[in-house]
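Asks: Sequence:
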Amino acid sequence: ALITDPRIPFDRRVFWAWLFFTGMRHDEAAGIRVGAIEWDETPLPRFVLRRQASGKPLKEDRRGIGLTRIIPLHPALGALTQRWLAEGFEEMYCRPPTPEDYLLPSTADVAWAKPRPVRTSLKQIRRVSTMLGFPERTIHETRNTFLTLACEDAPELESIIERITHQAPGRASETYKRSFWLAKCER
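This note's numbering puts the sequence shown at residues 954 to 1140.
Hint data in this document are derived by calculation from the structure and do not stem from the laboratory.
In this text the structure is predicted, and so the values were computed from the model without any measurement.
Glycine included, each C-beta is placed from N, C-alpha and C at the ideal position.
Be aware that one or more of the hints could be misleading.
Here are the in silico distance ranges between beta carbons for each label pair [to be verified]:
no., residue 1, residue 2, range
1, Glu1089, Thr995, 39 to 47 Å
2, Phe1087, Ala989, 28 to 36 Å
3, Gly1086, Pro1049, 33 to 41 Å
4, Asp993, Gly1086, 36 to 44 Å
Based on the provided sequences and hints, a complete structural model is requested.
Replies: Okay, here's the thing in C-alpha cells:
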C-alpha cells in the first residue's frame, strides 16, 4: 500500500519503492541523480551507488577508498521510475528532469537542487502508515523488509543480496534476517 495507494503523493510512492526494492539507506536513495541510472544494462537496468546524498562515502567505505554497490532495478521499480520521469517530475517541478537532477528531490520548496531530507521522509512515512491503519513505520524498516523478504524468497541468492545492501557480507545483514523482522513485515 505504501507504494501503490493513490492517496499517497506519487513522488513519495516512487521514493519508498526505491527503498523497498533496493534495500538502500535513505541518504543513499536521496542522492540518486537522474543520469546515473544505467537503463541500457542487461539483463536489468542498474544503478551504481557511489556516495550518499550528503556527498559522504558509503557507510561501508570507512576508509574512503571509493567502494561502490551495483544495484539492479527490479522491472516494477524500473517501470514506476520511468513513469515518474515521463510524467511525475515535470508535473511536480514544472519542467522535465535533466541528468543532473536528483531523481526524487526535496519537496520542501521548488529548489529541486536539494536531496530529500530524512526527517521529512520519516514524518511522511509515519503519517501515511497511520492513515493506512499500519503501525508507525520507520524509513530503515524498508531496508529490513527488502533483505528479509529477498533472502526468504531466494536463499540461494543470499550472498548477492548482501552485496546489494552491504559492501561486504557480515554481521550487519544478519540482523535483518532474524525472524522478528519477518513478523514485522507481515503486519
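Asks: Output the numbers, in ascending order, of every earlier hint that fails for this structure.
Replies: Going through the list in order, the structure violates no hint and respects every one.
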